[in-house]
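Residues per chain, in single letters:
There are 2 protein chains.
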Amino acid sequence: MANLQDLLIKMEEHHSLFENEIRNLSVPVCKAFINNGKIVPSSFKVTSQEMGTKDAQKVNEHFKKTAGNSKNKILEAVPGENKKTGLRIAVLFSGGPAAGGHNVIVGIKRALGAGNTLLGTVAGPKGLLAGEFFEITEDAVKGIINTGGFDFLGSDRTKIKTDEQFAKVKKVVKDNKLDGIIVIGGDDSNTNAAVLAELLYDDHVMVIGVPKTIDGDLQIGGLLPISFGYDTATKIYSEMVGNILQDTPSSRKYWHFIKLMGRSASHVALEVALQTKPAIALISEEIYEKRMSLDQIVGNIANTVSLRAAGGINHGVILIPEGLIEFIPEMKDLITELNEVIAKYHEDLDELELPEKKDFVYKQLSAVSAKLMASLPGEIETMLLLERDDHGNLPVSQIPTETLMIQMVEDKLHMMQKHADDRKHLGLDEKQEAKFQKFKFSTLNHFFGYEGRCGAPTLFDAAYCLNLGLIAGSLVIDGHTGYIAAITDLNKGGRALALPLTGLLNIERRHGADEMVIEKALVKINSPAFQFYEERRSIWARADHFSSPGPRQLWGPVALQLPYTVALNQGYSSLEFNLGDAASLK
Amino acid sequence: MANLQDLLIKMEEHHSLFENEIRNLSVPVCKAFINNGKIVPSSFKVTSQEMGTKDAQKVNEHFKKTAGNSKNKILEAVPGENKKTGLRIAVLFSGGPAAGGHNVIVGIKRALGAGNTLLGTVAGPKGLLAGEFFEITEDAVKGIINTGGFDFLGSDRTKIKTDEQFAKVKKVVKDNKLDGIIVIGGDDSNTNAAVLAELLYDDHVMVIGVPKTIDGDLQIGGLLPISFGYDTATKIYSEMVGNILQDTPSSRKYWHFIKLMGRSASHVALEVALQTKPAIALISEEIYEKRMSLDQIVGNIANTVSLRAAGGINHGVILIPEGLIEFIPEMKDLITELNEVIAKYHEDLDELELPEKKDFVYKQLSAVSAKLMASLPGEIETMLLLERDDHGNLPVSQIPTETLMIQMVEDKLHMMQKHADDRKHLGLDEKQEAKFQKFKFSTLNHFFGYEGRCGAPTLFDAAYCLNLGLIAGSLVIDGHTGYIAAITDLNKGGRALALPLTGLLNIERRHGADEMVIEKALVKINSPAFQFYEERRSIWARADHFSSPGPRQLWGPVALQLPYTVALNQGYSSLEFNLGDAASLK
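Quick mapping for you: the protein sequence lines, in order, are chains W and V. Here this note's numbering is used: position 71 in the first sequence is 71, and no number is missing along the way. Here this note's numbering is used: position 292 in the second sequence is 292, and no number is missing along the way.
Extracted from the complex, chain W is given alone in its bound form (with noise of 0.2 Å):
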């Protein structure tokens, strides 16, 4: 009998009973590859507007090969064979990493088949300028199938548009022979496949774009339902969103806020907000398109807070999304506002002290502007004084703002127990004004970020990210380019398709110049899923109503569960997705 020490060693090296045993899981595959697959011409009809584009003839021109070849019109997988071989197809991960894939790679290198050659490219974009690549083994796709993380290739954050960089490329494309790159990454990262597909249309080079981020703003209406890593990522926030939900009637004296990923859009705070039911949930989309000042948000909150505890509850969770501050319409003009005086006047202001250059300053800024910033907190205007990039801009993801929150509603609570005046809305009768009196506002924050982007997938991504992986090796055996892979009706077996990265794109003002790159998804107020949220959400603040969705499972009876937003915005009846027969391929 082999001894628990030895046993132990033999699990270094992603060799955990967990990751051992999620290697040997099924994965069901879409109808359309049950053996094999091939692509055409898609029945799918939609207008260009309803792909994405507003600007479908300037892009056209701009883009005119790939455009020109694509008419950008939809393809779709569907049963059938295809025996190309003797391609060299290079693979890389653009931008932050998302749980599922590693699977991409594996239905990758299933499409292209013993007969091709799959390259893993080091270390995302820069080592494909590096030419950095390595042979991607039938062994080591065994070994990495269902496990989360990049880590097979690495990736980076380098975009790839200088005219250096491009004739880089070709130059790698060349002397590697390869005759496709396919691209897994965001919005950005796909506007680059686009780039490169048309840059690499004369040289016979593939370019195929998979829709990659936890963030979930890459995504179009029921055409492509969502991009992968976020059914993960929102799960893992979920599991402990929820566990400090019960954690809080348990202890019975913390408002915690939690702060959570995504660096723009509200999709994740609201996926996790309808998991775990919370007191509150800000949505940054909502708070732009109402135009809600930091003191209405703070107002609310504090509001919720005191009618709580005037019922005898006095905890709660609130849910803040990463990129809030840049929603709120005040705080964006304030920083332009700062960005501008700093960037007018900084040789100036290096030379006074921080009274002096708070008085400086404030001289210059618009009456509302100038404010809103004496009613921060002290560290949170000192910070927006002090604080530059290399660019000469504030560095807004680096502002705390849950301790923001909590230090205004802080002081808010104050003032309503100090002042009638400032509680009288609330209505509170006597026995709730003496509860009212008694609390007292403890506080914990959190960020959830980093340990949602490489969790092992869900089934719902190991699933999904698989099925994108053989539409990407299909559509390079198929001879296409400047597609990106997308699966809908992902409650009935899933339908493959490609989209043209052209039909996504639009023209966006950056630094300054026009550029076409595919726009980020923001949470739509008039989706189901936000409705359904704010249906609800006034239940939610009075009183627990809250859910512990509990660990994600990859066995058992709760293992297949879409997002909740993705099942409501596609019209689902149920969470349970079905992508196909799991039978059929490991």
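For the record, the hints were derived by calculation from the structure and aren't laboratory data. Treat the hints with caution; some may be incorrect.
Here are the in silico distance ranges between beta carbons for each label pair [said to hold, decoys possible]: (1) V:K371 / W:E433: 37 to 45 Å; (2) W:N393 / V:R157: 42 to 50 Å; (3) V:Q296 / W:E535: 37 to 45 Å; (4) W:E433 / V:N300: 53 to 61 Å.
From a predicted model like this one, the values you see are computed outputs, not experimental measurements. In this text, a Cβ means the ideal position worked out from N, Cα and C, and glycines have one as well.
Assemble chain V onto chain W, guided by the hints.
Chain V only, in chain W's frame:
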């Protein structure tokens, strides 16, 4: 067909798909309880020293009634039947929540059966003093089985120790006609249980303890392998740490400093280290035992970071136990000196501005402490001077240990990169030198704590707790008082024990007086668990050997895992637990 919105509304209030399914999970029970169970003297022979006490005689004198009655002998549950009815038993949670508490209540209720009354105490010892109880019905028990949190009753940290409080308890017990109280809590709460058992002995009111704490510091060798909640908390933290480890070679740019909850002992950090195998895990007890200085600790970390960088690995994970600071001997001395200085001169100090205050305090410190204080980052230095709790002591838990470590390691690395003398001990060759010079130390920090206390219990904690509850219930049915429930033989069906609380007590100097308390069990550096860690850590330090233990599974092939430290320290040959047959009791 119901629409999805309706289904989602039905999931409110603890009815997620997961929560609904875990209520149907069968939980194994030890053989003793398959058809009830009865309590008999155990054949288990241990000395009082092995049980935990070094002061048996003094303790026995002080606890004349309960120690006289139990003679400090261990009891054991065996198959049997007991038909006692008409008892009124109150149960309460005490202290921070831990996963599995609800199953303890389920177990007690099962043991008491329909013929006795189980009362829930509202919100901990405070509720006992106030006489706030409610009857726990069969229906309620069905709702809480296998769920996380202490929210069914609530908890608090009130200690019952004054004569006035004792009188109150006596009155409440009489008014409510209680025959027994079951206290679910940690070391302090079980000390309190011992005191109450003695206090209420002549009133024929039984008091029983159940060992709870995520910190794992309530454990007694082979008699009580672990407290409940530890397994769930460490599995939650291990998943998060595993996810972040998986992120490090994916992103290839960050060192993550992760602080783990646990006020005193490092059991949590050691367990998480064994499950995930990070580059570095600090174990407070080792640091204390080896009298390591802060500079040594920082130097060791900087060496590991440097050697990895020299080998091309610019990332890693460092685990830091929350209680670290107080285990660094020189830090402990500094804090003691500071507390004394500030207590002595606080009136003079209040008059001074920060720079003068600093000067003044420095002059009062010993040379060693002054030097150490001067070596700390500015904000920590200021914090040490300014912050005091209500007792005039420094709130050590508020020192941001992870930030302190980051700043000091950063400074050390800076010196090592700058001065050849400071790195010559690394023995780098030219190529390694070049890599080390290019290395940029980018860090992120995390604190994993509250998210681990109220998650749904692992199958181990679920089963362990149900059986602990069965023991506690059987003890009061059989008329015993002054015992704590315990289970051993976790790998072969479970042996259900009851340890006399007085056998666990020791004399400890607290607040200037001798108190009889259950001592916190610290990590023993000669234990198999620590020694295994010590044997492997240099390998884990130099290159990635990590594993991702994944989210805890309630179904499937990896659901039955013990904590690694427990399996190692108990000398088991596998990680699989066996607490009996799952079919017998729900």
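Here is what the structure says about each hint:
no. : hint                        : verdict
1   : V:K371 / W:E433: 37 to 45 Å : violated, 55 Å
2   : W:N393 / V:R157: 42 to 50 Å : holds, 46 Å
3   : V:Q296 / W:E535: 37 to 45 Å : violated, 59 Å
4   : W:E433 / V:N300: 53 to 61 Å : holds, 57 Å
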